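Each protein sequence line maps, in turn, to chains B and G.
Letter by letter, the first sequence follows residues 1 to 131 of this note's numbering.
Letter by letter, the second sequence follows residues 1 to 435 of this note's numbering.
Mixed in with the good hints, there may be bad ones.
Going by beta-carbon spacing under 7 Å, a handful of chain B positions derived as facing chain G [what the hints assert, rightly or not]:
1. Cys61
2. Gln70
3. His71
4. Ile80
5. Gly89
6. Ser121
Pairs of lysine to aspartate or glutamate residues, derived as EDC-like cross-links and limited to a Cα-Cα distance of at most 20 Å, are as follows [as the list claims (entries may be wrong)]:
7. B:Lys88 to G:Asp311
8. B:Lys88 to G:Glu223
9. B:Lys86 to G:Glu310
10. B:Lys86 to G:Asp363
11. G:Lys308 to B:Glu75
12. B:Lys88 to G:Glu310
13. B:Lys88 to G:Asp221
14. B:Lys86 to G:Asp218
15. G:Lys224 to B:Glu87
16. G:Lys217 to B:Glu87
17. G:Lys289 to B:Glu87
18. G:Lys217 to G:Asp287
19. G:Lys308 to B:Glu87
20. G:Lys289 to B:Glu79
21. B:Lys86 to G:Asp311
22. B:Lys86 to G:Asp221
In short, the hints are calculated from the structure, not lab data.
On a predicted model such as this, the values are computed, not experimentally measured, just so you know.
Yeah, the Cβ is synthetic: ideal placement off N, Cα and C, and Gly gets one too.
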Amino acid sequence: MHIVAEKMGKITLHIFLLVGMAGGIAFAEPSAIATPANDMDWKGLPEGTGREDVFYTCQACHSLMLVKQQHLSRERWQEILAWMVKEKGMVEPDPKVRDSLLGYLSTHFGPSSGRPAGLGSMPPPLSTMRP
Amino acid sequence: MADHGNINKDLITAFADNPDKADRDVFGRIANPDRRGFLRGAGLATMTAMLGGTIIPFADTMPSGFIPVALAEEAMGMAGKDGLIGLGDKPYNAETPAHLLDDEITPTARHFVRNHGTVPDNVDVSAWTLTIDGEVEKPLTFTIEDLRKKFEVVTQQLVIECGGNGRAFFNPQVSGNQWTVGAVGCAQWTGVRLKDILKAVGVKKSAIYTAHFGADKDLADPEKPVLSRGIPIEKALNPGTLVAFEMNGAPMHPLNGHPLRLVVPGWVGSTSHKWLTRIQLRDVVHDGKGMTGQSYRMPNRPLEPGEKAEDAAFTQIITAMPVKSLITSPASGFKLDGKKTLEVRGHSWAGENAVKNVEISIDFGAKWIPAKVAKAANRYAWQRWQAEVAFPGPGYYEIWARATDEKGATQPFAVAWNPKGYMNNAMHRVAVRVG
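Next up, chain G with everything else stripped away, as it sits in the complex:
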């Protein structure tokens, strides 16, 4: 496997140095005189095979010297991520095992990846722009350097959680990426407040919602946005909402949005738009891709498990995520030998609210042991908690963690089934064998 990285780097170098020669050598193709398409069918078969047998749309208009993005991504691959569990390699989706989320600040290599489309390549940071337009007094376009110079740069630890975190546990199973507990992270984000940018453009009274646009490409149709969601103007003006250009003090990982993204902390992850290029203020609730139908919406009534509901019933657009916690130590499956006490620890978060307490149970909820909960490093950071549990004797135990927020909402045993598998904040449970 060690060779593979070099080979794909050679592929990219070959194309960069002499695209025509690389085309001939690697794909055996000679472009049509207009430099597009394949003269020989054999070239297409080869490229198709290299892409794992995928049908290549637009093959007859593919410019010569072009490496399919999928191959470029593979050369890049998931480099820079460590220990994540892959849910998909096209688009890239991967979650973090709970025990690898133990750090207070989630390292970049351990932050989950949730992509809907292809990752932009050939990013030129100095040329990247962000346009703010729509219901504003004065539409403006900024480079990243402009943002750094014109607005106060802040650094905050902020929780991002996927709306589908926990989807795997629904019964009957629902469709979609089967996230378990690891589609959440709390990295340190550096950027400027969206609020400050909006003040500079002047928000019209008519503006009620944002519409987000980025540079990633739809897999089926690269001309259409992959995803375009938005947030109510109040959350856009919340000082916690950042336009970020650094992750943990360094350029962001390409899969996490390099070079610019929104971080809408405490809210469903799909609002934190990556590879951000434009925010439009609208006088209606945004209706872009991922805002309509059943996408990121909850039904207006509880459903029986497996029940079908019409699109019109999905009236509740998901905004803030509910109270939740994660056990990051011990890892599930841990064997405790020769001792009967164990330190249990993890994190807790609660959307717009602070976490008030976290409790641990080792007997299915018969008794609850209070954990020590730390204050958040800043608003919208997660809160670490820690407890010492004593097992009565050898055997197989489940450790449960239950967080309660300052409004009194606590984590349930199970959540109402919904067809898209959103908002599963049921308690995290890990298995421990005491021997």
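Chain B with its partners taken away, still in its complex shape:
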């Protein structure tokens, strides 16, 4: 089963922490959303400037799995953001955040000559010759 479970592991941990306590419940200081402590918690997003913005902004509506499948130019990422704001109810990010998102996404999920992940043992792209 390829639908995993980084999120599931985290939930298991939290439930153990909370349900396992008899009586009172101890909490960390009320704070903003807990910052991921290690790479696993970043859902596979590679390290880089803007990762945090992407992590929180993009998961508002959908899984990061969708983001990680993309390989788009900065211009195309820009178009996608605009489209999500227009068609999908995304809150327009403020210019600084938008810039941060675009920088990260076009660097780490930019166009590649490689194949999308998940093509596995399929044959390489069709052409043994160059134009």
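Once you have looked at the hints, place chain G on chain B.
Using the frame of chain B, we list chain G on its own:
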């Protein structure tokens, strides 16, 4: 991992038995006196963390005792699906590896999942209703029991294929879920003909299109429909178009539309509306979510790879899917040891048309070997094919399959690039090493 399922079931049981206590124990929250929202910020942080750091919209109006649907889904998870490749866990999207689609009838556990929003929970089958209204003589509302009693119940094997199947192969890559070849299935669907329901309500002459509505919820705004597409009235009146309530002789998988859905066979999957609650007949082409802009539309002219086109150029609403085939054996990457011949088999389908032949090549199309193609079990079922290929010697080969339909349309090597990555019916290719 085995524990996890139990833990989440305990979560749901805890909330079902005593929501207030569960709220205190699990989230550490005590609801405001009006039973909404959090008194302590700590509760929100915990719930947020449990949802993987997602920003929770509407947190201040969340009723106490409420388990976010996302968590309930995780307890349910993709249970009942077997071996699918996940493209997304919110919303759920997963395709089937080709070699797991080998059965003539796609088992429920192997049928792909394509969701746009959240899956309805707490489905009460006996209370579920389907309303038919709009350009009709007499709008009616049916329960599922009504449908079973009033109309002839039929069972058909029907192909459903996602419009984006094959999207991953476009170059340059396009945005969206990167389906490869597995967003297709042919399960056995039981239901009643939409045609028979429409006869009962009386279709007005003014009706030219349907508009479909369901119970799934938009991720950004649960008040808006996630998706609302439709079909021309002629396809709605086609006897192959079913309102289905069973999949492979059992209640449908929740991710495949339980308890009621449309199956519009041979047409782009997004017309086969799931968790169906209403069909409205309209006197205009429906303009709901997923009908406008570039959604499920093709441009009115071929584009250069990577070319931009304005929305107005996307005039062709996608309807029937084009001729296509799938190699389900061998799996790509197969190693053939000690033999030089191999049985190759799979399925083929062609929208509104029957498949006339399927051919196999192991030398990039220099020579084509005809496969034996079976008749479809019924109209709109896929057709199995089978061939024996002989390799000239050891080495690395590609096996290609090419289907041709009764109108003479055949699968191409590649398709014209389009910005949404639709309609990729280029030939399926698997890699084999003969040693």
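Right, here's what the structure says about each hint:
1. Cys61: holds, 4 Å
2. Gln70: B:Gln70 check passes; min Cβ-Cβ to chain G is 6 Å, inside 7 Å.
3. His71: It holds, given that the least Cβ distance between B:His71 and chain G is near 5 Å, below 7 Å.
4. Ile80: It holds, given that the least Cβ distance between B:Ile80 and chain G is near 5 Å, below 7 Å.
5. Gly89: holds, 3 Å
6. Ser121: holds, 3 Å
7. B:Lys88 to G:Asp311: Given that 20 Å is the threshold and the Cα spacing comes to 16 Å, the pair holds.
8. B:Lys88 to G:Glu223: Within the cut-off at roughly 13 Å; holds.
9. B:Lys86 to G:Glu310: holds, 15 Å
10. B:Lys86 to G:Asp363: violated, 47 Å
11. G:Lys308 to B:Glu75: Holds: G:Lys308 and B:Glu75 sit about 11 Å apart, inside 20 Å.
12. B:Lys88 to G:Glu310: holds, 19 Å
13. B:Lys88 to G:Asp221: holds, 9 Å
14. B:Lys86 to G:Asp218: Roughly 15 Å between the alpha carbons, so the hint for B:Lys86 and G:Asp218 holds.
15. G:Lys224 to B:Glu87: Holds - the C-alpha atoms of B:Glu87 and G:Lys224 are around 12 Å apart, at most 20 Å.
16. G:Lys217 to B:Glu87: Status holds; Cα separation ~15 Å.
17. G:Lys289 to B:Glu87: Answer holds: G:Lys289 to B:Glu87 is near 9 Å, not above 20 Å.
18. G:Lys217 to G:Asp287: Judged against 20 Å, a Cα distance of about 18 Å means the pair holds.
19. G:Lys308 to B:Glu87: holds, 18 Å
20. G:Lys289 to B:Glu79: holds, 19 Å
21. B:Lys86 to G:Asp311: holds, 13 Å
22. B:Lys86 to G:Asp221: holds, 13 Å
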